[in-house]
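Residue numbers (the numbering used here), protein chains in the order written: chain A, 1 to 229; chain B, 230 to 458; chain C, 459 to 687; chain D, 688 to 916; chain E, 917 to 1145; chain F, 1146 to 1374; chain G, 1375 to 1603; chain H, 1604 to 1832.
Rather than coming from a laboratory, the hints here were simulated on the basis of the structure. Be a bit skeptical, because a hint or two may be false.
Covered stretches of chain B, going by a simulated chain D footprint (3 or more residues, C-beta under 8 Å) [what the hints assert, rightly or not]: (1) 325-338; (2) 395-401.
Computed beta-carbon distance windows for the label pairs [stated by the list, open to error]: (3) E:1051 <-> F:1213: 40 to 46 Å; (4) D:723 <-> H:1665: 20 to 26 Å; (5) B:290 <-> D:830: 36 to 42 Å; (6) A:79 <-> H:1664: 34 to 40 Å; (7) E:1055 <-> G:1442: 51 to 57 Å; (8) D:721 <-> E:1054: 56 to 62 Å.
As the structure is a prediction and not an experimental result, all values here were calculated from the model. Every residue, glycine too, gets a C-beta built ideally from N, C-alpha and C.
Protein chains: 8
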Amino acid sequence: MHGDGYSDLGFARVDVDRAERTGDPEVVYGAGKTVEQGVALVAVLREAHPDRPALVTRAAPELRAALKAAYGDEAQVDDDARTVAVGPLPTARGTVCVVSAGTSDGPVAAEAAFTARVVGAGVRRVSDVGVAGIHRLLAVRDELDTADCLVVVAGMDGALPSAVGGLTGVPLVAVPTSVGYGASLGGIAALLTMLNSCAPGVVVTNIDNGFGAGVFAARVARRAQRAQP
Amino acid sequence: MHGDGYSDLGFARVDVDRAERTGDPEVVYGAGKTVEQGVALVAVLREAHPDRPALVTRAAPELRAALKAAYGDEAQVDDDARTVAVGPLPTARGTVCVVSAGTSDGPVAAEAAFTARVVGAGVRRVSDVGVAGIHRLLAVRDELDTADCLVVVAGMDGALPSAVGGLTGVPLVAVPTSVGYGASLGGIAALLTMLNSCAPGVVVTNIDNGFGAGVFAARVARRAQRAQP
Amino acid sequence: MHGDGYSDLGFARVDVDRAERTGDPEVVYGAGKTVEQGVALVAVLREAHPDRPALVTRAAPELRAALKAAYGDEAQVDDDARTVAVGPLPTARGTVCVVSAGTSDGPVAAEAAFTARVVGAGVRRVSDVGVAGIHRLLAVRDELDTADCLVVVAGMDGALPSAVGGLTGVPLVAVPTSVGYGASLGGIAALLTMLNSCAPGVVVTNIDNGFGAGVFAARVARRAQRAQP
Amino acid sequence: MHGDGYSDLGFARVDVDRAERTGDPEVVYGAGKTVEQGVALVAVLREAHPDRPALVTRAAPELRAALKAAYGDEAQVDDDARTVAVGPLPTARGTVCVVSAGTSDGPVAAEAAFTARVVGAGVRRVSDVGVAGIHRLLAVRDELDTADCLVVVAGMDGALPSAVGGLTGVPLVAVPTSVGYGASLGGIAALLTMLNSCAPGVVVTNIDNGFGAGVFAARVARRAQRAQP
Amino acid sequence: MHGDGYSDLGFARVDVDRAERTGDPEVVYGAGKTVEQGVALVAVLREAHPDRPALVTRAAPELRAALKAAYGDEAQVDDDARTVAVGPLPTARGTVCVVSAGTSDGPVAAEAAFTARVVGAGVRRVSDVGVAGIHRLLAVRDELDTADCLVVVAGMDGALPSAVGGLTGVPLVAVPTSVGYGASLGGIAALLTMLNSCAPGVVVTNIDNGFGAGVFAARVARRAQRAQP
Amino acid sequence: MHGDGYSDLGFARVDVDRAERTGDPEVVYGAGKTVEQGVALVAVLREAHPDRPALVTRAAPELRAALKAAYGDEAQVDDDARTVAVGPLPTARGTVCVVSAGTSDGPVAAEAAFTARVVGAGVRRVSDVGVAGIHRLLAVRDELDTADCLVVVAGMDGALPSAVGGLTGVPLVAVPTSVGYGASLGGIAALLTMLNSCAPGVVVTNIDNGFGAGVFAARVARRAQRAQP
Amino acid sequence: MHGDGYSDLGFARVDVDRAERTGDPEVVYGAGKTVEQGVALVAVLREAHPDRPALVTRAAPELRAALKAAYGDEAQVDDDARTVAVGPLPTARGTVCVVSAGTSDGPVAAEAAFTARVVGAGVRRVSDVGVAGIHRLLAVRDELDTADCLVVVAGMDGALPSAVGGLTGVPLVAVPTSVGYGASLGGIAALLTMLNSCAPGVVVTNIDNGFGAGVFAARVARRAQRAQP
Amino acid sequence: MHGDGYSDLGFARVDVDRAERTGDPEVVYGAGKTVEQGVALVAVLREAHPDRPALVTRAAPELRAALKAAYGDEAQVDDDARTVAVGPLPTARGTVCVVSAGTSDGPVAAEAAFTARVVGAGVRRVSDVGVAGIHRLLAVRDELDTADCLVVVAGMDGALPSAVGGLTGVPLVAVPTSVGYGASLGGIAALLTMLNSCAPGVVVTNIDNGFGAGVFAARVARRAQRAQP
């Protein structure tokens, strides 16, 4: 049944060979799925690849509890990130540094950091260094320069990646968040700011997409370290 | 004919008493007006208020030339700002500091600076201090702190006002420009960034509206100095 | 720990030196913060600057109650404005006049007025003078002319700042509100109206951002009075 | 060939019975039509209804010239309005008053006025009475009150209809224009302002649609007068 | 206290002379107002103008009940329209015909009809005649032609006003509703359709603004009949 | 009462002759209708056309239960699709194949499939074949090629129809769903992707409009088979 | 070189096997291509499939002339549609009827009709039957009912497909055009109208995409006729 | 003069130390700059860093010619990319593979490739492999897997990055282009598609921003190879 590269559950055709193609763990996007669907999907993935973790994002509290109950210590839950990893984590290679602007941006930064670790990178976090207090940013400059990839998370004006990108040449992934009101348009304002960054080489993910940023950053960090003894 | 507070030219009802109401010079918005209309409007304003300048913004080169030809030394032309002032300038009170991010933002910054001077403030300019090179900004911090009002002009990501606003408590007017491409949406991206600034107390004008920022900033600067001997 | 200019709480890096940089009180943006986070942030700010108030905006009723319980008379709560100030208010210098169009705009106008007072200005309010009844506006013209800075709050068509701006030369900050329905687009319509005001020198804040307008207006008003004996 | 209510020209199926259905003249929308198509369409309409005028809007200068050459005194051309009427105008019944904010709004106001006359109403114009100078508006209040229908034309902030609508109960059609720049979004800002007018009973047309406003207003004005001796 | 043309309630400055200026009843926009505020506003208006009705729109069920309890038979409540009128209705002059497309458009159509009656016109309704069943529309053509003003209410594609406008020359006010999903964008799609109507002389109100359409249409209908014996 | 082609229920003018005009069953759009209205509308349709099914879409659980209670085995309920059919289904002619990208797209795909069957086509479904796992798509290529019309349902990036459209020349209807977050803008992103598909001959429905796609696809499939013995 | 299913020209990888996969001719999208690129692409396609036509859309006049010069009678040019077909046309099977609203919609309708013929269907056209003159539409109802697929082209309000879709059950592809101004937003208004059509089973293409509609409609029409002797 | 880390030209404050901070060459954004400004900026950069190239993007033909004339063989010009590099290129480390969908996307892909080389990576290009012909994409899979970073360029539906991202785990930067018409909204459609990619780990740049993608990808590629002998 897995010979064709996927497993047909009726309600889902699980792509059990993605890991081979991409080197990443399999991922279940938890939003809009029932607890039963979530648990069943993880079970298939665990069976197909016992040596790799399954990652569940945007998991409702009930799904997180159900996975914890089912897998015990094998399941790592990050409530701030609304994320669960089931199975053994890979060795950490390289370092992703997740920088965030305000406390409200915390959950998205947590999702990015947790994901990056599950995908195979080491992770550092620097929080609450918004652009309106530049001296806080300058104080952590060394932490920025020694990372292999940066993930910079900000809502409202989304200006932080431009400031960070002017300080360092480390590859930088910007993540806009939906933090804000009125003309923030649910994060569109921060998204547009980041897409128009005057710092060269800033790339951007969807609003609140800490997961995508974590995957990407970990791929870069792992790669940066792959040739080292 | 001026007793009613306006003068009827047929194609325009000139508001000759605005100065009395607001303390500002009269202004002609030059875009979409013929040279003949522009010259006639200035003539009415000069006649009604010989002691105050008339300001023409967004003036096409032909209109600028016609006003220079008609008024000679009485007309001050700023080609970069596309602006002309005809008549004696008021004494400069207080200081407006116009800060701009990139060379492409120059014309809007020039319009703001020229307007602020015509409306009655002293003016300083600081150019090319974008947020992607924060050390350039830190180097001019004293010039920011000693102004009575700041005008901060930026296109693309529009992040500069947030950075400046975090450095100083001087009243700050942000002006988004249409510099950029793609997702800058003709300046909408920078406008949204500024409206969502995480630095408290940033206020914003329309895209490319150096004129409006200049008027506002000069009013604040004049007022800050009005009680001084 | 405060020697570096900020205090690290783990979940937040509080910028305790902002007051020195900007002359303003420290501010906690209450939306999206738990009661515990809000109370902890205020405690840090009170300890760092016992002589200055801490201002909490967009505070949920529970947070307002917790701060009142914790600080008693030292805490001033404005339920209409959803705002709390803890600590001694500065002497009022200059006058901010907050003008609003309809009763639904009241909370935003209250936030602007409360904030302006906490930041150090005297405050006057003029309510319910929408542009569709211009005689109401003309009746309060003296109150407009004698202020040091105006804050004009309006939803729906957002036309009030244009009318007020035509009557007076006092610096004018326009605040669009999300009052309206359908094509008001959650306040975008009023925001656009104000950005395109045909009255010169109107500047604008984010939708419903009474706080930002209050900070800005108080800075202008304080400055207007700073040289007076 | 006309028995079916339309005439088939190959490139167009002219609706020659519309006048009977609506009481209005036939109209040719000139934009995007060649001079040949424009002239041919007018010829069909003139033949089908010799007793009614044919109205051509958004006519390019070449088309206006061709119609003038073909019909001589029978053709009335308004270059400001880019409009031509060919054939006898109907008796004027009732009065439409077209009010406009700035000189740049002139062409749209002219189109509205010309159209209203061709559709059968008497027409008055009041120009350059923007909301930033309210006393100019108050000075013409009688002209507003004695009209049967008002057409109020404004660009930029589009605030004029709200102010006029607060002064009078005469039916009021608001016409946004594309005058402005930046956040005026080609007239969208003024359109939204008018749709959200806080004055009750304001109705709106498409941006720059002086023609539509003229048709509507003339229908109202004719109707207001139809029962009079 | 009413000598200045308004009455100051503290939370609202009631414009008690609007009726004199416009000939309409006073209106309270109920959305976002408490029951107490609503009742107090009606009381002021009833006292100032005992001979005219006060109209409350977007009234919550509690406010409708409170007004019914307070005024008994003097209060007319239309639950479908969420609207209450308190006081004697004016004599009906002329006829407004309210046409709606689908059953979901009913509340907006009801608001338009109720308002038009309170403002002084006679009212007829034609329901459920969407453009996808054109024969239903043709069957009621006489009802359209004999009205003094039409109000055409439609959601989703908003195509009905174009079809009705092609059948008759009666002044036509189009009201888009928020009925629909997805790309209807909360009524923006229908609004745009109507603004771009290919039938000449269609004017438009804000989304779901049955009230505004009713006011406007009644003004036209009253005027059409004003000269009749 | 049915002689005029519709039946007047007071709150709705049911178009009982649509089937004759279009060959389709009558449809009740359940959203925003009460259970009573829904049941009454079905009763009228069943009486008018006992030989054809009535289809109720977007039916709330209560309406689905009421119809099941009222009609028993005559009512077919699809809870996933939120849809009910009452009455005998037509013979299935031709084949519609409904392809969907993710499990979250299931309800829309179910609505399309159920509708297509009720309108008269045979239906096949292929689920969970998103573009990020192209080998899953290639594995079902035969199922695509042997259908008479394809319905391809996808949210998020909406890329699936482009990939399917490059594999086969079968007529393809793309249905964007509101699955996603942030910059998916409630399905607008997927809608735009599909409208710009680089595969020729892709046509698109409204967001989440499985019903419309099902109607259209069944019409094509029935037609493809109409000449066969 | 063609064995891999494509031919590598350096600047383009021509997909010479698409015809086998989809049954359609190969297509060159002419916009943004030089004359040299266009001619070279056609040459490759002609060589690979001498028995099938190559279709060039959005061809500039120079490219149309170059292809006519190169291929003579083998090239069919439709200047109205800006389209060229080179090579033998397939036998026409089934009938596509292209319906358009106004003369300005002609080029898009021509592109749809020309494309449908090249892709293998017979074609009929009905022009200038806008929804504002419904009797013109009713007069051609038989032509609608006897087609195998309809393409309905309209700009401005985009209401025509809803009216046509209410008259007939023939599969209907709606094509919005960019004809209009102001709030037509370059065709977005018509696009939204069509996506929200209240007539069931209307599907939509991109703005001005006559080509896509022609491909789709021809596929449906050919299929409808494929089983006939 | 360079001791402060920038050089003040009057019209620009050139940041000559950026290279030290980021490891990249200095860049001049050529759009909106005169030939004189462009040449002067390059001269400053060449003088400050004779060992590093200066890169000029969006250079008008005149500026490209002027730089070629001034620097001869030292200047490398890519007319397709509208880009010039002056000075010695760094050793190429790692490999960036630039994949593009259609021939119209060529200039943006060229800009990305040229930039990546100047910033220090080796570069490969794969052109014309749109998602509508998936077999072309599968044929180049090895070229994708062996790169250190991918840049995937696509306009219209922007679906290519999702398909590529499903095939490989190499870090992938997606670049939307403004290729398309109508609902492509100048590239916004492709941008949204990419931001919502269902392939994990896709990051995005501004529309047409080949430069930014090239900088980012080269940084990743250099880093991937930095530890190799």
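Tested hints:
1. 325-338: violated (count 0)
2. 395-401: violated (count 0)
3. E:1051 <-> F:1213: 40 to 46 Å: This hint is violated: roughly 33 Å between Cβ atoms.
4. D:723 <-> H:1665: 20 to 26 Å: 41 Å, violated
5. B:290 <-> D:830: 36 to 42 Å: 39 Å, holds
6. A:79 <-> H:1664: 34 to 40 Å: Check failed, 58 Å falls outside 34 to 40 Å.
7. E:1055 <-> G:1442: 51 to 57 Å: 53 Å, holds
8. D:721 <-> E:1054: 56 to 62 Å: Given a distance of about 35 Å, which is not inside 56 to 62 Å, the answer is violated.
This entry does not satisfy hints 1, 2, 3, 4, 6 and 8, going by the numbered hints stated previously.
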